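Colleague: Work out the full structure, taking the sequences as your base and the hints as a guide.
2 protein chains.
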Amino acid sequence: MINRSGNILITVDQNYLPHVRIMLSSLFINNPGNSYDFYLLHADIPNPALQPLQRYCERQGSRLFPTKVQDHVFAEAPVGSYYSKAMYYRLLAYELLPEHLDRILYLDPDILVINPISELFNLDLGDKLFAAAEHTWVPSLSKYLNMLRLGNYESEGYFNSGVMLLNLARQREEMDKAEIFNYVQQHCKELILPDQDVLNALYGHRIMPFDDSLYNYDARLYKIYYLTSRGEKDLSWVMENTAIIHFCGKTKPWLKNTKGEFVALYKHYMQLSKQIFE
Amino acid sequence: MINRSGNILITVDQNYLPHVRIMLSSLFINNPGNSYDFYLLHADIPNPALQPLQRYCERQGSRLFPTKVQDHVFAEAPVGSYYSKAMYYRLLAYELLPEHLDRILYLDPDILVINPISELFNLDLGDKLFAAAEHTWVPSLSKYLNMLRLGNYESEGYFNSGVMLLNLARQREEMDKAEIFNYVQQHCKELILPDQDVLNALYGHRIMPFDDSLYNYDARLYKIYYLTSRGEKDLSWVMENTAIIHFCGKTKPWLKNTKGEFVALYKHYMQLSKQIFE
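One line per chain: the protein sequences are A and B, in this order. Using my numbering, you'd call the opening residue of the first sequence number 1 and step up by one each time. Using my numbering, you'd call the opening residue of the second sequence number 1 and step up by one each time.
FYI, nobody ran anything at the bench for these hints, they're computed from the structure. Keep in mind it's a predicted model, so treat the numbers as computed, not measured. C-beta atoms are modelled at their ideal positions from N, C-alpha and C, and glycine is treated no differently. It is possible that part of the hints are untrue.
Unchecked claim - Using 30 angstroms as the maximum straight-line C-alpha spacing, the simulated DSSO-like pairs for lysine-lysine come out as follows: (1) A:252 - B:68; (2) B:259 - A:274; (3) A:256 - B:252; (4) B:233 - A:256; (5) B:274 - A:233; (6) B:250 - B:223; (7) A:274 - B:68; (8) B:68 - B:252; (9) A:256 - B:256; (10) B:68 - A:223; (11) A:128 - A:85; (12) B:68 - B:274; (13) A:252 - B:256; (14) A:223 - B:233.
Said to hold, decoys possible - A short, non-exhaustive set of chain B residues, derived as facing chain A with CB atoms under 8 angstroms: (15) 4; (16) 5; (17) 114; (18) 115; (19) 261; (20) 271.
As the list claims (entries may be wrong) - Here chain B is said to cover these stretches of chain A; the calculated rule only asks that three of the stretch's residues, wherever they fall, bring their Cβ under 8 angstroms from a Cβ of chain B: (21) 22–35; (22) 235–246; (23) 254–266.
Modeller: This is the structure we're talking about:
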């Protein structure tokens, strides 16, 4: 049985397409019987490069809608040497996506989906603009980080922008791209993770938190999750309960000598996705 | 496209049925478009316990033929306190399986199949009785083990009996169960791994070797494979090339606190197989 199960937003450049394939393979294998509408926002991926992905989605009963964001869109957006206009896609998706979409799940391409994600789609957002997760091992510290560095004294925490549910309907009413561009202009020297810093500085208090150990598990922090849960969140727990593993940071699991509890699992999905695309 | 791709032999008791499900899930996911005939030899599994497995195989275009080995079969077989008659099933499968089968792949239930195995089915066996793998990290030592402990001076090595291709046609002509029973009777005090010791003592010189790093990768020995291959067989290599990972020994990956490179992968397949059987 095929249900139309949810909308998913992806924003990548061509280098990252192989990782999108891996992510989608893991999503489909672990959410059998579900189908999705994928919206892929990009600046310059040639059409032929997208076609294998599009065909794969269709074979799974899903649909892929690629949108090339034209150069003149966000012409007024400030850009820097290490962040391009693409950093705004996930924050300003409500301007780029079709009007009929009410909500969409944004996913970074450096993740694996290893369990069903249907509950995440159906989260009650109330009047919040986003839902997202903190990487909670030092929650009080991350709250102070926001207060001090980013100047948002009402924020609940420092949220990771890699997995976010976007309340598009509400965002269209309330958000203002000029505010975002102004903020970046004024703070360009302080931004470390540009889009994530903007998210937290401007909207930290308008984000509904969800449990990172379920939907945005930081693959580097196995021992932290294990210890802070007093041993409850061991490997069995993670494999049974965590739906989204996020390979944050620089030591990506597709690189040759990366170590970690979940590296073999990622590399196995690399191999599975090759089979699927051959 | 469905091909009838090969025969697979499994011998288990009821406790191990969940692990058979996990093995089959991994086999099907990583060998799409293939279908198998499974022969399951057991002593006492009630029929209702086998039905979910049977239905699952059928949904995959495969077939499961369970055979209860009656008490009077091998009535003359010596048994000990830590080995039952079931230890003979894989050595004497040629007596228990239908006459029309020429060859069959025996698989222990504590394995994952993570890549295609079609080449293993088609191995040229010549006049050998079995194909199997050594766990080769100390090949010269294992050869001496056979010579000294098991008294077989012609054997090429000490073969692991967890993954074996059985040349049933040839076995029917040459093998003799009385010889096996006699050997066990005479050496019952020396047998450490009973069926494996018998295999090596009596047939070590009639076994075609295959590469354990491809088809019977010992999950405990990641560092040994890595070092003896001078770094070639790293995690990427294993995920790309190894078809069968064998979780040998006592620290099984389904137990709570087992550690190792492939434990998350195994636990992930535990979860996948739950979804499939729900």
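Colleague: Evaluate each hint against the coordinates.
Modeller: Hints, verified against the model:
1. Distance hint between residue 252 of chain A and residue 68 of chain B is unfulfilled; the C-alpha atoms sit about 49 angstroms from each other, more than 30 angstroms.
2. Of the supplied pair hints, the one linking residue 259 of chain B and residue 274 of chain A holds, its CA atoms being roughly 28 angstroms apart against a limit of 30 angstroms.
3. Using a Cα cut-off of 30 angstroms, the hinted pair residue 256 of chain A and residue 252 of chain B holds, with the two alpha carbons roughly 27 angstroms apart.
4. Proposed proximity of residue 233 of chain B and residue 256 of chain A is supported: the alpha carbons are some 11 angstroms apart, at most 30 angstroms.
5. With a C-alpha separation of about 19 angstroms, the suggested pair residue 274 of chain B and residue 233 of chain A falls inside the 30 angstroms cut-off, and the hint holds.
6. Pair hint residue 250 of chain B plus residue 223 of chain B holds up; C-alpha atoms about 18 angstroms apart against a cutoff of 30 angstroms.
7. A threshold of 30 angstroms between alpha carbons decides the hint, and for residue 274 of chain A with residue 68 of chain B the separation of about 40 angstroms lies outside it, so the pair is violated.
8. Distance restraint check for residue 68 of chain B and residue 252 of chain B: the Cα-Cα separation of roughly 27 angstroms lies within the 30 angstroms cut-off, and the hinted pair is therefore satisfied.
9. With a C-alpha separation of about 29 angstroms, the suggested pairing of residue 256 of chain A with residue 256 of chain B holds against the 30 angstroms cut-off.
10. At most 30 angstroms may separate the alpha-carbon atoms for a hinted pair to count; residue 68 of chain B and residue 223 of chain A exceed this at roughly 46 angstroms.
11. Proposed proximity of residue 128 of chain A and residue 85 of chain A is supported: the alpha carbons are some 25 angstroms apart, at most 30 angstroms.
12. With a CA separation close to 26 angstroms, the supplied pair residue 68 of chain B and residue 274 of chain B stays within the 30 angstroms bound.
13. A distance of roughly 27 angstroms separates the Cα atoms of residue 252 of chain A and residue 256 of chain B; the hinted pair therefore holds under the 30 angstroms criterion.
14. Pair hint residue 223 of chain A plus residue 233 of chain B holds up; C-alpha atoms about 27 angstroms apart against a cutoff of 30 angstroms.
15. With a cut of 8 angstroms, the hint placing residue 4 of chain B at the interface with chain A is violated, because the nearest CB-to-CB distance is about 20 angstroms.
16. For residue 5 of chain B, the interface hint is violated, the least distance from its beta-carbon to any beta-carbon of chain A being 15 angstroms, above 8 angstroms.
17. Hint status for residue 114 of chain B: holds, given a least beta-carbon distance of 6 angstroms to chain A, under 8 angstroms.
18. For residue 115 of chain B, the interface hint holds, since its Cβ comes within 8 angstroms of a Cβ in chain A; the closest pair sits about 7 angstroms apart.
19. At about 5 angstroms, the closest approach between the beta carbon of residue 261 of chain B and any beta carbon in chain A falls short of 8 angstroms, and the interface hint on this residue holds.
20. Nearest Cβ of chain A to the Cβ of residue 271 of chain B: about 5 angstroms, under the 8 angstroms cut. The hint holds.
21. With 3 residues having a Cβ less than 8 angstroms from any Cβ of chain B, the stretch 22–35 of chain A passes the three-residue criterion, so the hint holds.
22. Interface restraint, the stretch 235–246 of chain A with chain B: holds (5 residues with C-beta to C-beta distance below 8 angstroms; minimum three).
23. Counting residues of the stretch 254–266 of chain A whose CB lies closer than 8 angstroms to any CB of chain B gives 7, so the stated coverage by that chain holds, three being the minimum.
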